[in-house]
Amino acid sequence: MERPATEQAAWPGPGWLRIAVLAGLAGGLAAAAWNSLIGEAVLGQAIKLEDAATKHVHAVAMTEPFTRREQQGGMVLGELLLGCGLGLLIAGAALLAGPRFIGPARRGWLALIGVSAWSFLVLPAIAYPALPPGVESSLSIDTRQLSYVTLVCSGVLGATLARLAWLRLDGRLRAVVGAAAFLAPALLAVVLLPHEHVATPIDHGLLAHFRLVAVGSQAVFWGLTGIAGLWLIDHQVGAAVQAARARLARR
Amino acid sequence: MAVARTLVLGTTGIRVNERLIGVLAVAVGAVLFYAVMLDHGQLINLLIGSGVTGNYLHELFHDGRHLGGAPCH
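Chains as they are written, first to last, in the working numbering: chain A, 1 to 251; chain E, 1 to 73.
It is worth saying that the hints were derived from the structure and are not from the lab.
Quick caveat, the model's predicted, so the values are computed rather than measured.
So the derived list for chain E, only partly shown, Cβ under 10 Å to chain A, looks like this: (1) Gly22; (2) Val23; (3) Ala27; (4) Ala35; (5) Leu38; (6) Arg65; (7) His73.
From the derived model, a few chain E residues whose C-beta atoms are all more than 12 Å from chain A: (8) Asn45; (9) Leu46; (10) Leu47; (11) Ile48; (12) Gly49.
Yeah, the Cβ is synthetic: ideal placement off N, Cα and C, and Gly gets one too.
Excised from the complex, chain A in its bound form (with noise of 0.2 Å):
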């Protein structure tokens, strides 16, 4: 009877949300110190270029609410709230799904942020490769943001599909089943979404640093998540399996 009794102290369950959101935390703090260490100065850059451009516009009226400053503070408080609510979101999927879906807690976790890494930084940098202040493309704010939060819904989608298939059939057709489920919808995203053009001229050594800094800034932040996550799982979850087997061997 010791496999139920572990098992059940293995699954977190509302713990996922202290989980998640420290191991958010940590990742948002993780991104923040890159942003202030590499980041801000590409960023400075692109934004004297683009002042450049449009003195004579902030000549005329325009007053920002913000000083640079103020924007870099708000990027440190941006990036912690973020991790904040992609952790609230990771740990709502991995409750809403349960432990038959998600897995073993330490394996559901990679799982899960391999799935957020890939739709959240992935795909986007492949259809839509940020752009640097200044920098205008072609497609409208609101079709370009509608097609982000598509792109990610798609890659979460073709998770959710392919975690289905894996669980529903056997053999090598799972497998089969199981990656196309993953592409498809990422791949019909990309295809049928709205293609973007960078519509200002700009130096394409900066752009491409940018982008770089941008990728990285995302890559620090899942991978700053999940090893805090792990090391959370570990800890909490470790400890629970750990009780639970000392109760087993007192009976």
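Chain A is already provided as a structure; the job is to place chain E on it using the hints.
Here is chain E on its own, set in the frame of chain A:
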């Protein structure tokens, strides 16, 4: 064996379904994600009223949005 999907809060005996907590977590997480990465003044309008026209969240989280790969302008 199925893992228990409800929990009892303290001594009050209130049973809370994990799925309900999951729905609330997703809802709050989605609002935070929207506020930081996508909002263009709608949230403040919703909370304070249409008299406020400032795009404050967008401007405050501006740097993080660009470096986070979200569409900003």
